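Using this note's numbering, you'd call the opening residue of the sequence shown number 545 and step up by one each time.
Honestly, the hints are just simulated from the structure, not real lab data.
As the structure is a computational prediction, the values presented were derived from the model and not from experiment.
Glycine included, each C-beta is placed from N, C-alpha and C at the ideal position.
Just so you know, nobody snuck in bad clues.
Simulated restraints, written as ranges between beta carbons of each label pair:
1. Pro660 to Val555: 25 to 35 Å
2. Trp627 to Ala563: 14 to 24 Å
3. Asn552 to Phe632: 15 to 25 Å
4. Asn552 to Gly663: 33 to 43 Å
5. Asp594 to Asn552: 28 to 38 Å
6. Leu665 to Ser573: 32 to 42 Å
7. Pro556 to Asp582: 18 to 28 Å
8. Gln554 to Gln623: 17 to 27 Å
9. Arg661 to Arg617: 16 to 26 Å
10. Gly602 to Gly663: 33 to 43 Å
11. Ala664 to Val555: 33 to 43 Å
12. Asp592 to Val555: 32 to 42 Å
13. Asp582 to Arg557: 13 to 23 Å
List time: in silico EDC-like cross-link candidates among lysine to aspartate or glutamate, alpha-carbon distance up to 20 Å:
14. Lys603 to Glu587
15. Lys603 to Asp582
16. Lys603 to Glu575
17. Lys603 to Asp571
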Amino acid sequence: MQDAQAWNGQVPRVFSLAADRVRIGSDESAELQLPGLDGVHAEIVHNDQDEYVLVRHGKVTGSFGPGSSSVLRTGARLQMGQWCLAFFREEFADHGRPFGGRSGGEFAYQRPQRDPRTGALERDGSTYTR
Numbered sequence: 545m546q547d548a549q550a551w552n553g554q555v556p557r558v559f560s561l562a563a564d565r566v567r568i569g570s571d572e573s574a575e576l577q578l579p580g581l582d583g584v585h586a587e588i589v590h591n592d593q594d595e596y597v598l599v600r601h602g603k604v605t606g607s608f609g610p611g612s613s614s615v616l617r618t619g620a621r622l623q624m625g626q627w628c629l630a631f632f633r634e635e636f637a638d639h640g641r642p643f644g645g646r647s648g649g650e651f652a653y654q655r656p657q658r659d660p661r662t663g664a665l666e667r668d669g670s671t672y673t674r
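Make the full structure from the sequences, and use the hints.
Below you can see the structure in the form of structure tokens.
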């Protein structure tokens, strides 16, 4: 069935990935509870490189690489049972530094950045201090 035919006309639900680990499944302990899936069908982990990684425990298909875990990119589709999810996050043109921005480049001085999760201030564009 095509997506346009399957759409019921309702606005899709939005789930924010605020925690560093979000379990997806039918279990009551899952942060994202979706009936009809395994207790913990999959997890999305926010790692130290500021990437969101899909860890599959049950059958998950979609627009990402093979294996038991895959880095998610904006627009990735995840199909789990009857559920179709899409992953979106703010993206920046400059991926040379964590959390956006550049190290080096057009200017000799780059303003230090703070890690948005810990508040640590970087020293040299790649090293963080608390």
